[in-house]
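Input sequences plus hints: build the corresponding full structure.
There are 2 protein chains.
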Amino acid sequence: MSLDVINVAVVGYGVVGSATVQTLIDNYEVVRRKTGISIKVKAIVDLYIDKRDDKYLPHVEIKSKSYKDILSDSSISIIVELIGGVTIAKEIMLEAIRAGKSVVTANKALLAINSREIFEEAKKHNVMIGYEASVGGGIPIIRVLKDDLVSNNINDIYGIINGTCNYILSRMSSEGKPFDEILGDAQAKGYAEANPTFDIDGIDTAHKIAILSSIAFSKYIPYESVDVEGIRDISFTDIQIISEFDCTLKLLAIAKRVDNKVAISVRPTIIDNDNLLASVNGVFNAVMLDGDRVGKTLFYGRGAGGDATSSAVAGDVVAIAKALSSGNIDAKTPLGFTEESDITIVSMDSIPSSFYLRFMVKDEIGVLSIITNILAKNGVSVYKALQRDFSEDGKTVPLIFMTHEVEGNLLNKAIKEIGELSIVVEKPVVIRMEI
Amino acid sequence: MSLDVINVAVVGYGVVGSATVQTLIDNYEVVRRKTGISIKVKAIVDLYIDKRDDKYLPHVEIKSKSYKDILSDSSISIIVELIGGVTIAKEIMLEAIRAGKSVVTANKALLAINSREIFEEAKKHNVMIGYEASVGGGIPIIRVLKDDLVSNNINDIYGIINGTCNYILSRMSSEGKPFDEILGDAQAKGYAEANPTFDIDGIDTAHKIAILSSIAFSKYIPYESVDVEGIRDISFTDIQIISEFDCTLKLLAIAKRVDNKVAISVRPTIIDNDNLLASVNGVFNAVMLDGDRVGKTLFYGRGAGGDATSSAVAGDVVAIAKALSSGNIDAKTPLGFTEESDITIVSMDSIPSSFYLRFMVKDEIGVLSIITNILAKNGVSVYKALQRDFSEDGKTVPLIFMTHEVEGNLLNKAIKEIGELSIVVEKPVVIRMEI
Chain B
611 MSLDVINVAV
621 VGYGVVGSAT
631 VQTLIDNYEV
641 VRRKTGISIK
651 VKAIVDLYID
661 KRDDKYLPHV
671 EIKSKSYKDI
681 LSDSSISIIV
691 ELIGGVTIAK
701 EIMLEAIRAG
711 KSVVTANKAL
721 LAINSREIFE
731 EAKKHNVMIG
741 YEASVGGGIP
751 IIRVLKDDLV
761 SNNINDIYGI
771 INGTCNYILS
781 RMSSEGKPFD
791 EILGDAQAKG
801 YAEANPTFDI
811 DGIDTAHKIA
821 ILSSIAFSKY
831 IPYESVDVEG
841 IRDISFTDIQ
851 IISEFDCTLK
861 LLAIAKRVDN
871 KVAISVRPTI
881 IDNDNLLASV
891 NGVFNAVMLD
901 GDRVGKTLFY
911 GRGAGGDATS
921 SAVAGDVVAI
931 AKALSSGNID
941 AKTPLGFTEE
951 SDITIVSMDS
961 IPSSFYLRFM
971 VKDEIGVLSI
981 ITNILAKNGV
991 SVYKALQRDF
1001 SEDGKTVPLI
1011 FMTHEVEGNL
1021 LNKAIKEIGE
1031 LSIVVEKPVV
1041 IRMEI
Chain W
611 MSLDVINVAV
621 VGYGVVGSAT
631 VQTLIDNYEV
641 VRRKTGISIK
651 VKAIVDLYID
661 KRDDKYLPHV
671 EIKSKSYKDI
681 LSDSSISIIV
691 ELIGGVTIAK
701 EIMLEAIRAG
711 KSVVTANKAL
721 LAINSREIFE
731 EAKKHNVMIG
741 YEASVGGGIP
751 IIRVLKDDLV
761 SNNINDIYGI
771 INGTCNYILS
781 RMSSEGKPFD
791 EILGDAQAKG
801 YAEANPTFDI
811 DGIDTAHKIA
821 ILSSIAFSKY
831 IPYESVDVEG
841 IRDISFTDIQ
851 IISEFDCTLK
861 LLAIAKRVDN
871 KVAISVRPTI
881 IDNDNLLASV
891 NGVFNAVMLD
901 GDRVGKTLFY
911 GRGAGGDATS
921 SAVAGDVVAI
931 AKALSSGNID
941 AKTPLGFTEE
951 SDITIVSMDS
961 IPSSFYLRFM
971 VKDEIGVLSI
981 ITNILAKNGV
991 SVYKALQRDF
1001 SEDGKTVPLI
1011 FMTHEVEGNL
1021 LNKAIKEIGE
1031 LSIVVEKPVV
1041 IRMEI
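As you go down the protein sequences, you meet chains B and W in turn.
Heads up: the first sequence runs through residues 611 to 1045, numbered per this note's numbering.
Heads up: the second sequence runs through residues 611 to 1045, numbered per this note's numbering.
It should be emphasised that the hints constitute simulated quantities derived from the structure, not laboratory data.
Note that the coordinates shown come from a computational prediction; the quantities given were computed from them, not determined experimentally.
Repeated chains share a single entry, so a pair holds when one copy, or any two copies, can fit it.
Calculated pairs, SDA-like style, for lysine to any residue (alpha carbon to alpha carbon, straight line, at most 25 Å): (1) K799 / G905; (2) K906 / R643; (3) K866 / Q632; (4) K678 / D664; (5) K650 / E950; (6) K829 / S648.
Here is the structure:
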């Protein structure tokens, strides 16, 4: 067998970039033995390359501050874009594509917003785009959906796909501490960004479920189609009560298909502790899929961190290198379809679900009756009710309900009415249940 | 895009064969939309085809009792072998390969015994072999190891990969019933074969871990290299005691690498309930992998059954169809390597582990001291000891120990000595722990 050499340029030498270079250099021989292909990191582009220093850099021939240098280097056939963001990263990707180079990226924000433009351009220039690392870190969920489960109609997707949120919720649950305290500690430890908005408000999760849904349902689904609610307002009171019901609160990305309608949301969600997803703790991610032929499957692994993410990046680099080496670029279906399906996006509130409700009410006679009456009148059927006997201030008590399946639209009407009662002293808490 | 048609023949129309035809016909349009390729089931070969009757058969042009018919049909490019067994199935696969046809199979026994011969022949004739369905039913574990984790050195593999054994152990544990009773019921329900030897004695599991290990460690590993112990002798007493320690007993396939040495075994194994594998119940399968870059990952799904297995078969058919359609047959690395690694196989007994020990002893003064003395003398250090106060016959009591990590070789010496004591009235129970 002829020994092929494929040259790669890594753009962005931060956490994932440097881990990717480490993977490709340290495990160069592993990949060569498995594939017969030598993958060489020929260039690293980074604005601060002058200040970087590690044992891998001396092995790399070209170190530059400008990506323009590598676009004109015809010996480089794969560009690994790991700078993140949606402005300069987009420019680099499009220019690389137009220069005839295949691109590997972990940039979920860019793909969730601009996938159509980028993928159409890639098809036009017959180059491949690898984006396995954009969702689920080291978990090969993109390829599973695109290739392995290709013969399935996907019925639903449940994902814990943001390590920061899962880390915070896991610690709130195990340590019994409030959100702000855990967030501060997570920031100090590097598990949450200084500006954590993207993570804790669910935006990053929305980007990722938009990408997974696009593949699963064969249609460009912009992330604006995703109903998003983050974990900022999660109260420790609810986490405590939920755990008494042998349940766990997770930030779940959900895509559910009913015939040719799909609802996609990111919301704090209650799941039963018997569900494997309840055991996915800390920075680990997991995606549970149901396909009409394969049934229920689950894929679990590290959702972030340089090493795990670099495994996915390197997997894409190798897949593209194999295609390049055999002269067979498969650029036709970057998102896993050749023509779009006829699915339409509907609101998650139109799909029935059980709900957990908590009302903080004045400790007066008849309150339970007033509230249950409003629920019943609006078609909300309760299967579990709990009036807690504790009252922090001696005047208000929590009333907790779990409902049978009901459309969110109907429930919202009842909640609005209850929230306006003078006996209800706080904004009602409504959390979807998937049990 | 040109619409390609790829013709497929399915050989063997049993549970998996008929489910595969159903998948390819029912989801024909799903696959076409995703890939641009029309996959047509052109022929079904089955010895009893005259007696088969379902709504799919009328859609299939050729129905035959002899596979010879389809080998000479040049319009058929993929043969799906689903008859099982290692004699006629081998003949069909080799003849199909020599006729220039790619082959998809779920036949783990054949591959575990004859993979070198079959894969070398396939390379020679430049045809592809898909065998995703051979391990883990619908779980895409073969492709994960071959492609997605290609940049990793795999450190270890832990698999629950036999649905029958997992079903029996799950029910023994949840219902508190002995092995024979659950096995009989499992047979009545179709979850265990009339002759269950292959499953319950661990042979099927050994076939599967041999295949996974061959890919993971880049070397043809015959299944004879696997230390095998089944679940036939599992006593309900132990399942009960183990659960009191918040642990679960599973039939685990294990491959562990230490430098360039790999130990592979199939044994009843105790795992902590915190381990996700402990929550894999019934006929579900799961494979946990550790790669040096990706870290710990887990892949979970239905390990058996026609529908789930057909998802993996169809995934392979589509992957080969895409390769055929683009004129790019990747026949170089059927087992995921171009040259063999230098790993050597060692006994699992040479790799230290914790162990659970149970001795049934005469209820006499000094027994505990005699036994712990023998353990200590042989370098076996105990971290937990439990003398149960119940005695079924008033004369014997169980002594239970959990050991610190110790080589099985050393432990075996101690166990032999203890087993020969007159105060020990039953064969000692020794179960490996992975916690």
